[in-house]
Amino acid sequence: MRASRMVEALLFASEAPLSAADLARADESLDEERVETAVAELRAEYDRDERAFGIFEVGGGWQILTRPEYAPVLERFDTVPQAQRLSGPALETLAIIAYRQPVGRAEVEEIRGVGAGGVLKTLQERGLIEVTGRGDGLGRPLLYGTTPFFLEHFGFRGLDDLPRPDDLPVVLARRDSEGAE
Amino acid sequence: MRASRMVEALLFASEAPLSAADLARADESLDEERVETAVAELRAEYDRDERAFGIFEVGGGWQILTRPEYAPVLERFDTVPQAQRLSGPALETLAIIAYRQPVGRAEVEEIRGVGAGGVLKTLQERGLIEVTGRGDGLGRPLLYGTTPFFLEHFGFRGLDDLPRPDDLPVVLARRDSEGAE
Amino acid sequence: MEAAARDPFEIDVERFHGPLDLLLHLIRNQDIDIFDIPISKITEQFLAAIRGVERLELERAGEFLEMAATLVRIKAQMLFPRPAGEDDADDPRADLVRRLLEYEHFREAARIMEAAERRRAKLYRRGFVEVRPAPKLSELPLHTTWDEVWAAAAALSARLAEEAVVHHVRGREVRIEEKMNEVVDALAQKPRVELAALVAPWGTRIQAVSFLLACLELAKRSVVRVRQAAPFAPVWIYRRRREEG
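Chains V, U and Y supply the protein sequences, listed in that same order. All residue numbers for the first sequence refer to the numbering used here, where the first residue is 1 and numbers rise by one. All residue numbers for the second sequence refer to the numbering used here, where the first residue is 1 and numbers rise by one. All residue numbers for the third sequence refer to the numbering used here, where the first residue is 1 and numbers rise by one.
Just chain V, with the same shape it has in the complex (with noise of 0.2 Å):
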């Protein structure tokens, strides 16, 4: 059985991307090395064939994604699932969260300037966020950082490639670390 195509068939079928060590796990005959050729192999005759999907990186690992050209007949389709788009307040708690984490709900109230209480049960529930801890202060709160699935959603290759603080007007971050802006 050849890498190329083991690594097919588990990218395939992967509902998550997944990394080099994770498609290295797959099979003895396989290190993270030969899962590297293997992807560009695929990604080669992907392109060359001009296949309806390409392998894309995406949260530390990579996927089998349709190519943005088809979009326009996809969304059309009612056995095609959309992904539902988040709405103003979610996308800012969820930036906060980005960016701050880990990060307590009365931080984020308090940077909004609105209750959070219902969007962070939204968040969760939809699997972008997750608790990751409890904080010192009193009644010890929780912590929320995002999830796998966050990077996933906005397709971003990690945390790393957020919006950078340069493309941003003012540096975004931790307020205790910078002084206060």
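The set of hints was computed from the structure by calculation and includes no laboratory data. Accuracy of the hints is not assured; some may be wrong.
[Stated by the list, open to error] With a straight-line Cα cutoff of 35 Å, these simulated DSBU-like cross-link-like pairs (lysine-lysine) come out:
1) Y:Lys220 with Y:Lys190
2) V:Lys121 with U:Lys121
3) Y:Lys190 with U:Lys121
4) Y:Lys75 with Y:Lys41
5) V:Lys121 with Y:Lys122
[Claimed, not checked] Label-pair ranges, simulated between beta-carbon atoms:
6) Y:Ala94 with V:Leu138: 22 to 30 Å
7) V:Glu110 with Y:Ala76: 19 to 27 Å
8) U:Arg134 with V:Ala106: 48 to 56 Å
9) V:Arg43 with Y:Arg28: 41 to 49 Å
10) V:Asp31 with Y:Trp146: 27 to 35 Å
11) Y:Glu59 with V:Gly127: 22 to 30 Å
12) Y:Arg225 with V:Glu130: 58 to 66 Å
13) V:Asp78 with Y:Ala116: 19 to 27 Å
Heads up, the beta-carbon is just placed ideally off N, CA and C, and yes, glycines get one too.
Please arrange chains U and Y on chain V, whose structure you already have, making use of the hints.
The following block gives chains U and Y in isolation, referenced to the frame of chain V:
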């Protein structure tokens, strides 16, 4: 956009099998005959390239699925990441059983103050504990003890090798009386 | 929205994500220098914009009203002349400006993320996922270490000790009879047993005392002998052979 590639995108992204009639609705340029041709074309390409997936007829439609010969790779690959660590309740239960074996479910539940059925099942499936006998009490309850795999996994030569009672949390001290309950 | 077209300050509050969002809209739409907000003017506009805010659900209305109160307070503070050359941090507006800027940055980040989301939504992953049997647990590697088991045991023990104290406070009585049975059971297996070993599983003072009372009662009835070699030495409970009796 080639008809075969549109069909490929749809078969890939659809969660249900699609018939020729379904696929023909995707674009004005398509009809059932063209769809049949496109599917035949894709099939020939997948066979020629020995792709890990193929087009299969399922429930009155087509679906792209991995070929059966890759099933062993996929089965081996499946992971339930969280299952690789024991949960807090499982750890506590294992500690109680390790020190107080043979011990029944009722005693474990009494010590921990919560039901233990699910946790005992997990520990058994994990091969860390096993039924070692039956107690004298009402209904002759099952008694649990640790397995050889338990010793092997944690690197103990034998049960005497477990950390000594002096530094042992009080509740676990093995009662020299067995079955006092 | 139609109303907004007629009067620039008649605003549909509901379309804003909160009071900071509304305030930023007022400031940025009028090209106001955020570091020198004309607080009287902005307060008036804000109050006008949130007229009828009571229509909103209670929590949201409260958020807007709270900001209104903050603005009014700052406006009042601005009436007091500040000594010249005073630090900017003492400007009554300073904290509000900091909050507005911080919020604006995240709002901008959210916008960039929304664009990423839109791009990603054009890529479709495989719709149908083959159902495959989950592997047996025993076939997965186990990553638990003994340290984790030990830590769980210690935590459990601490928790039980705490609960025992609570029970004690509630005056849960420990029946000496029960303890006597336990002592006898223990001695059925071996000729002698250390008091500490009997007490250890329970780990509370009241249990220790009741075990000791149970042992003394059994000694009185000539079922056991209690020995301690020296003060503070371990207390041992010996089984009395019948012929000894």
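Going through the hints against the structure:
1. Y:Lys220 with Y:Lys190: Satisfied, since the Cα-Cα distance of roughly 21 Å is no more than 35 Å.
2. V:Lys121 with U:Lys121: Holds, at about 31 Å.
3. Y:Lys190 with U:Lys121: Distance of about 33 Å is within 35 Å: holds.
4. Y:Lys75 with Y:Lys41: Judged against 35 Å, a Cα distance of about 10 Å means the pair holds.
5. V:Lys121 with Y:Lys122: It holds: about 26 Å lies between the C-alpha atoms, which stays within 35 Å.
6. Y:Ala94 with V:Leu138: 22 to 30 Å: Roughly 26 Å apart at Cβ, these two residues keep to the hinted range, so it holds.
7. V:Glu110 with Y:Ala76: 19 to 27 Å: Holds - the Cβ-Cβ distance for Glu110 of chain V and Ala76 of chain Y, about 23 Å, lies within 19 to 27 Å.
8. U:Arg134 with V:Ala106: 48 to 56 Å: About 53 Å separates the Cβ atoms of Arg134 of chain U and Ala106 of chain V, which means 48 to 56 Å holds.
9. V:Arg43 with Y:Arg28: 41 to 49 Å: Given about 44 Å between the Cβ atoms, the range holds.
10. V:Asp31 with Y:Trp146: 27 to 35 Å: holds, 30 Å
11. Y:Glu59 with V:Gly127: 22 to 30 Å: Since the Cβ atoms of Glu59 of chain Y and Gly127 of chain V sit about 26 Å apart, the hinted range of 22 to 30 Å holds.
12. Y:Arg225 with V:Glu130: 58 to 66 Å: holds, 60 Å
13. V:Asp78 with Y:Ala116: 19 to 27 Å: holds, 26 Å
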